[in-house]
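Read off the chains here:
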Amino acid sequence: MSFRERTAWITAITIIVCFGIYYGAVFSGLVRSNTWGSFHLGLACIISLVVLQLALNLIASLLNPKDARTPRDERDRMIHARSHVIGYYILMFGVAAVLLSTHIPMHGDFGDLMVNTVNLGVLVMVIAALSVAVSQIIMYRRGI
Amino acid sequence: MAEKEARKPKGLPIANQIRRLRFEHGEMTQSELADRIGMTRQTVAAIEAGKYSPSLEAAFRIAHVFGVKLDDVFQWTD
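Listed in order, the protein sequences are those of chains A and B. Take the first sequence: its letter number 56 is residue 55 in numbering that gives the first Met the number 0, and every next letter is one higher. Take the second sequence: its letter number 74 is residue 73 in numbering that gives the first Met the number 0, and every next letter is one higher.
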C-alpha cells in the first residue's frame, strides 16, 4: 500500500470514528443539539480528529520514510484531482439540500433550529471530505 | 511469443511488456524502474497490471529506460 493510499485510509477512518461519535450522540438524542454538552462534544471530536490524523500520518511516514518523501507522481495527482471533483459535487449538492431544508416549516425553539442547520451543514462537509478519501481509496485499489 | 506475454488491462485496450522488459534488463525491480522514470513503485505496479494508463511522457520515459521504441513497450489491442 502506498503512502498516499495509507493517508486516505487514515483520513476516512478518523472521520468515521470522530464524527460518527458526535453525530451518533446527537441523532440518537444522547446529547441535545442546542446545549453546551453538544458544543463540547463537537469540539472534542474535532480536536481528536486533528490529533489522530497528525499522529497516524506521522507513524505512517516513520514506517516508510522514502515513500513519504517521494513527491506526488502523475497518478497520485490524477487521483487527487478526480477525488476532489467528486467531493466538490457532493458538497454543492449537500449545501443546496441544507439551504432547501431551511425553507421547510418546522416548529420548535429557534436555537434548536439554528444548531440543527449548522449540524447539517457540518455533516455535509464531513460527507464531502469522507467521499474524497473513499474515492481515493477506490481509485488506488481498482485503478483509474 | 511477446504478444502472449503482454499484460492487457481489463478495461483498457492497451497491453504492455514492462514485466518482460524488466526481467530482460537484469531483473530490474519495479522500484528501480520507478526511480529512473520519477514515479512511485505503486504507479509502476499499476501500469504493469493495467490499472493505470501512463501519460505519453511517462510512456516515453519507460521506453527510454529499456532502450526500445514506444510500441515495443505498449501495444494497442483493440
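I should point out that these hints are in silico values taken from the structure, not numbers from a laboratory. All of these numbers come straight from a predicted model, not from anything done at the bench. Accuracy of the hints is not assured; some may be wrong.
As the list claims (entries may be wrong) - Simulated crosslink set (SDA-like; lysine to any residue; CA at most 25 Å straight-line): (1) A:Lys65 - B:Val64; (2) A:Lys65 - B:Asp34; (3) A:Lys65 - B:Phe73; (4) A:Lys65 - B:Asp77; (5) A:Lys65 - B:Gly37; (6) A:Lys65 - B:Thr76; (7) A:Lys65 - B:Asp71; (8) A:Lys65 - B:Ser30; (9) A:Lys65 - A:Thr101; (10) A:Lys65 - B:Trp75; (11) A:Lys65 - B:Gln74; (12) A:Lys65 - B:Pro12.
Unchecked claim - Covered stretches of chain A, as calculated for chain B (at least 3 residues, CB under 8 Å): (13) 10-20; (14) 137-143.
For glycine and all other residues, C-beta sits at the position ideal for the given N, C-alpha and C.
Now the hints, each set against the structure:
1. Restraint check: the Cα-Cα separation between lysine 65 of chain A and valine 64 of chain B comes to about 22 Å, which is no more than 25 Å; the hinted pair holds.
2. A distance of roughly 11 Å separates the Cα atoms of lysine 65 of chain A and aspartate 34 of chain B; the hinted pair therefore holds under the 25 Å criterion.
3. For the hint pairing lysine 65 of chain A with phenylalanine 73 of chain B, the CA-to-CA distance comes to about 29 Å; that exceeds 25 Å, so the pair is violated.
4. This hinted pair does not check out: lysine 65 of chain A and aspartate 77 of chain B have alpha carbons roughly 38 Å apart, beyond 25 Å.
5. Simply put, lysine 65 of chain A and glycine 37 of chain B have alpha-carbon atoms about 13 Å apart, close enough for the 25 Å limit, and the pair holds.
6. Of the pairs offered as hints, the one joining lysine 65 of chain A and threonine 76 of chain B is violated, with about 36 Å between alpha carbons and a cut-off of 25 Å exceeded.
7. For the proposed pair lysine 65 of chain A and aspartate 71 of chain B, the alpha carbon gap of about 31 Å is over 25 Å, so the pair is violated.
8. Straight-line distance between C-alpha atoms of lysine 65 of chain A and serine 30 of chain B comes to about 11 Å, which keeps the hinted pair within the 25 Å bound.
9. The suggested pairing of lysine 65 of chain A with threonine 101 of chain A is violated, with an alpha-carbon distance near 49 Å, which exceeds 25 Å.
10. For the hint pairing lysine 65 of chain A with tryptophan 75 of chain B, the CA-to-CA distance comes to about 34 Å; that exceeds 25 Å, so the pair is violated.
11. Of the supplied pair hints, the one linking lysine 65 of chain A and glutamine 74 of chain B is violated, its CA atoms being roughly 32 Å apart against a limit of 25 Å.
12. Between lysine 65 of chain A and proline 12 of chain B the CA atoms are separated by roughly 33 Å; this puts the pair beyond 25 Å, and the hint is violated.
13. Residue count for the stretch 10-20 of chain A with a Cβ under 8 Å from a Cβ of chain B: 0. That is fewer than the three needed, and the coverage hint is violated.
14. For a cut-off of 8 Å, the count of residues in the stretch 137-143 of chain A with a CB near a CB of chain B stands at 4, and the three-residue condition holds.
Checked against the numbered hints above, the structure breaks hints 3, 4, 6, 7, 9, 10, 11, 12, 13 and satisfies the rest.
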